[in-house]
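Asker: Protein chains in written order, with UniProt numbering: chain A, 1 to 309; chain B, 1 to 272.
No lab work stands behind these hints, which were simulated from the structure alone. Incorrect hints may appear among the rest.
Dumping the calculated DMTMM-like pairs for lysine to aspartate or glutamate here, alpha-carbon to alpha-carbon at most 20 Å [what the hints assert, rightly or not]: (1) B:LYS130 - A:GLU198; (2) A:LYS157 - B:ASP49; (3) B:LYS130 - A:ASP58; (4) A:LYS22 - B:GLU167.
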Amino acid sequence: MTSTATALSRASRHTAPPDRRKLADNITGWTFAGPATLIILGFSLVPMAWALALSFTDSDLMSPGRDVGLENYRALVADPVFHQALRNTALLLFLYLPASLVAGLAVAVLLNRKVRGIGFYRTCFLVPYVASATAAGLLMGYIFDRDFGLFNGMLVKLGLPAQGLLSSPSQAMLVLTVIFFWTRFGFSVVIYLAALQEISKEVVEAAAIDGAGRWATFRHVIVPSVRHMTVFLAVWGMIDVLQFFDLVMTTTKGGPANATVTIVYYVWQLAFTYFTAGYGAAVAYVLFAGTLVLIVAGLLLARRRGAMR
Amino acid sequence: MRRRRLPSGWHLVLAPMSLVTVLPFVWMVLSSLMTQAELNRFPPPIWPDAVDLGGYQRVLEGSNFPRWFLNSVLVSGAIVVAQVVLCGMAGYAFARIRFVGSRLVLVLVIATALIPFQLTVIPTFLIFNKVGLTDTLGALIVPQLSSAVGIYLMTSFFQSFPKELEEAGRIDGCSRFAVFFRVVLPVAKPALAALAVITFITAWNDLFWPLVVINSEAKYTVQVGLTTFQGQHRADWPAVMAGTVLTTLPVLGVFLFGQRRFIQALTGAVKG
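Chain A on its own, in the form it takes in the complex (with noise of 0.2 Å):
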């Protein structure tokens, strides 16, 4: 990039002194740059600010809040609806972020290989990730419907008893979580895949002639060298958890009991329901901060053990 820019620099040296051609090249660049950089930059940055000066407020969205200094994150502390929502949240990662990264590979490792017919099952794990939540929430809520559903109308064909599912305070989150790998997996397989296509034959098949077996091959030679898509999916996938919200409001509406409040949906209900903005902030900056430490803690641990080998 240096390089092109001093190479355009020195070709117009011939046309325009140097310092007139800097001071154009800084005009047209922000020219070129600035209203998309302006937009992204005064709707995030300043709504960042924004928003942990509303933490620390009884804003009501309506009137301007009264300071109430740490009184929201001290309430958070004991409040039941939020660990719950914690809980939720952790089951869904604990849950989801091992399944997408070993399933994403297996499907990846059998889609890379010269079958007829590859492209149209890669277009059908990518199809549920394409269509929108809302879609995706207000199918699998009918499907998954304890009464009238598809799920529970097989079961029953079967001769198995019906299960509660979305309407069962401890089967809702499960339900959840395997509509939303539903929905989630294919982009784990996509972006598997296209690491998987950039090992060279050579490395697998100097690995075949040492005399390493499939199983080792995959554990030596594609496992590790995929290592960067599996970290880059990882951070990925946890920040896709901590913001989940329209399958949630598509489906449960956090219910029942609050077994599906998630701490996106959370944040949502306190500030444009319930009007407590402040106290919504405040919970939105934990998770802001939750995310960062996970994130942080992923990286460090990915780069120990990369060390390692």
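Based on the hints, put chain B in the right spot on chain A.
Answerer: Then chain B, alone, in the frame of chain A:
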């Protein structure tokens, strides 16, 4: 030699797996063609007795669905055009023009991708409230006029763009603007198309922000409309499923049509 003619055994594994993945969507279409009586049976039928378009009629005529659909088309269309132009220009500048602060700003922009929208949503709502723009389609468009992902994609694309083309243009005496619009943009079409596909799918599917900032039913997007429609017509599953089919068709069409670009952009964004 003989084995090459046989279809690979891997189909036995791959076919059922991919079938399980798309079957719910197949049933979504099938159930949208059933009658209410059929779908209220338990267990529900898998195949409709006869094709019944009543669900489609009820969602199209008994609700504001056409209006919501139009709103979604307008909003997503505006966002796609804006992002292709603004992110394209910004990416080109970050990759090719040396200007004060460009490195710092680019890092800042990419870092904002880590800020969850849920953190900024309350103040963003307050900003629009202050200028009196809540409950307008404009409020849906403005925050999405450009995106960190779009700038990142375009920057990495232009970094690998052959510079000879532009130099030829410059030597011919064209200004930077003329070079960008006449020489660079036409060649960058594939990358811009990839950005357009990703942006359209994201914009069309958005639920959270429209849910927050839109109040009146006439300004709903399809995603918000469908969610409330289901709340009000819980017993009319064929109509809900018909609405879901109609909502999914545009993204599915764009995805199938631009699949190669979509996958290129997804994987390109990760690798770059």
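Asker: Now tell me, hint by hint, if it's right for this structure.
Answerer: Hint check results:
Taking the CA atoms of B:LYS130 and A:GLU198, the gap is about 51 Å. The hint is violated against a cut of 20 Å. In summary, the hint linking A:LYS157 to B:ASP49 is supported, as the alpha carbons are separated by about 19 Å, within the 20 Å threshold. Proximity of B:LYS130 to A:ASP58 is assessed by CA-CA distance (about 18 Å); at most 20 Å being required, the pair is judged to hold. For the hint pairing A:LYS22 with B:GLU167, the CA-to-CA distance comes to about 17 Å; that is within 20 Å, so the pair holds.
Checked against the numbered hints listed earlier, the structure breaks hint 1 alone; every other hint is satisfied.
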